[in-house]
Amino acid sequence: MATSEESAFWTIFSYLIAGLLLWGGVGLLADHLLKTHFLTLLGMAAGMAASLYLIWLRFVKAK
Amino acid sequence: MIKLLEAAQPGFKPPGSGDFIFQPIFGHSLLATKPVVLLFFSVILISTFFIISARKAAVVPSKLQFAGEAVYGFVRDGIGKDVIGEEFQRFVPFLFTIFTFILTNNLFGVIPLMQFPTMSHIGFPVSITIFVYFVYHYVAIKKHGLGKYLKDMCFMPGIPKPMYILLAPLEFLTYFAIRPLTLAMRLFGNMFAGHLLLMLFTLGGEYLLGSAWFLKIFSAISFSLAVGLSFFEMGIQCLQAYIFTLLVALYIAGALADEH
Amino acid sequence: MTGTLSIVGFGLSTIGPGTATGLIFAAYISGVARQPEARSILQPIAFLGFALAEALAIFGLVLAFVLK
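Chains as they are written, first to last, in our numbering: chain Y, 215 to 277; chain S, 628 to 887; chain U, 61 to 128.
To be clear, the hints were calculated from the coordinates, so they are not data collected in a lab. Just so it is clear, the structure is predicted and the values come from calculations on it, not from any experiment. Idealized CB from N, CA, C, for every residue including glycine. One or more hints might be untrue.
Claimed, not checked - What the simulated footprint calls covered on chain S by chain Y, stretch by stretch (three residues with Cβ under 8 Å from a Cβ of chain Y suffice, anywhere in the stretch; the number is not a length):
{"id": "1", "segment": "782–793"}
{"id": "2", "segment": "855–863"}
Unchecked claim - Restricting the straight-line Cα-Cα distance to at most 27 Å, the calculated cross-link-like pairs of lysine-lysine (DSSO-like) are:
{"id": "3", "chain 1": "S", "residue 1": "K788", "chain 2": "S", "residue 2": "K778"}
{"id": "4", "chain 1": "Y", "residue 1": "K275", "chain 2": "S", "residue 2": "K661"}
{"id": "5", "chain 1": "S", "residue 1": "K778", "chain 2": "Y", "residue 2": "K275"}
{"id": "6", "chain 1": "S", "residue 1": "K775", "chain 2": "S", "residue 2": "K788"}
{"id": "7", "chain 1": "Y", "residue 1": "K275", "chain 2": "S", "residue 2": "K775"}
{"id": "8", "chain 1": "S", "residue 1": "K640", "chain 2": "S", "residue 2": "K843"}
{"id": "9", "chain 1": "S", "residue 1": "K708", "chain 2": "S", "residue 2": "K640"}
{"id": "10", "chain 1": "S", "residue 1": "K640", "chain 2": "S", "residue 2": "K661"}
{"id": "11", "chain 1": "S", "residue 1": "K708", "chain 2": "S", "residue 2": "K661"}
Stated by the list, open to error - Far from chain Y, by Cβ distances over 12 Å, these chain U residues were calculated:
{"id": "12", "residue": "T79"}
{"id": "13", "residue": "E97"}
{"id": "14", "residue": "Q103"}
{"id": "15", "residue": "V122"}
Kindly produce the complete structure, drawing on both the sequences and the hints.
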């Protein structure tokens, strides 16, 4: 059954996009409000780290 | 802006997203543009085919009945039964409708005279996805209850409490927005890019045909690539219809499962 | 022809992760084909490798839109 891979593949992809968009977006908003320039990149890094941690929890540790 | 390339080739106008916008065939209504007409035509085509193939159902099937049953059997056993498991019978009509609808609309992209995959307009995949979205969330909420469903989704056990601030919104966004969105975007992107590719080679071949004599050889290459890619596109179109249905079945199976 | 060079850059940056994903799943498939019972061991490794490779591609996608 190759179907569980197919589902996991797209779920991982969605996690990565969601992490980057959510926390990168929060960083962008904070940059606008606080008139700084580094928070977007910080937010993107944090979001990516959160996504990878979540993928590790769901697909590696749980197995 | 790539002004340099524009200056280098003044004659040839490459196809772009503007070529996907059609004027109404008759009248001024949006309902008379080519994609919508093709959509209605596909509905008539599918229902006629399956009504005729199922009307004279016999123990010894005719060729038409055999073809109809082959498609139905493929969706029921290959997608429904294998993926969803014991409760699959409820979802077979839904999966079957999605599969035949997407397949027919995709295949319009390579059928001569129509040559436009309806799904290369973002609105159509998105509206199919909205149906799917409500179906699998409804199934999950009915099975587990709203509170438990959200709790299972956003708060997975075994992580330190402060991490939930970082992770819970992320999971919510993934399951409620991004994952359904990728479902629509993949179908749209494949159809859009495939149609654009075919258009590029056909228009390029046509343009080269009207230029200097030694460029006519490249025109022949371009046209033969367009023909070859049409068959490749046909494969992609069938595959995308299958993958879309498979993922819908997998999401329903995930909603029915005890935990994600 | 109009557009931004960021998109061209993003297109170039997807070559690496695309190749990486292909290699990861090729190795995973041949591993499972040789030893089907090793699947439960190989699957998490393949997914983690895929996630790490794909992360770079998605960084490229977002940065192509963010950086002007």
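Results of checking the hints against the structure:
1. 782–793: Coverage by chain Y holds here, the residue count being 5 at a Cβ distance below 8 Å.
2. 855–863: With 0 residues in contact (Cβ-Cβ under 8 Å with chain Y), the coverage given for the segment 855–863 of chain S is violated.
3. K788/S - K778/S: holds (14 Å)
4. K275/Y - K661/S: Violated: K275/Y and K661/S sit about 50 Å apart, past 27 Å.
5. K778/S - K275/Y: holds (19 Å)
6. K775/S - K788/S: holds (18 Å)
7. K275/Y - K775/S: Holds, at roughly 22 Å.
8. K640/S - K843/S: holds (18 Å)
9. K708/S - K640/S: violated (49 Å)
10. K640/S - K661/S: The hint holds at about 23 Å.
11. K708/S - K661/S: violated (37 Å)
12. T79: holds (17 Å)
13. E97: holds (14 Å)
14. Q103: violated (7 Å)
15. V122: Non-interface label on V122/U violated, nearest chain Y Cβ at 5 Å vs cutoff 12 Å.
The structure fails to meet hints 2, 4, 9, 11, 14, 15 from the earlier list, while all remaining hints are met.
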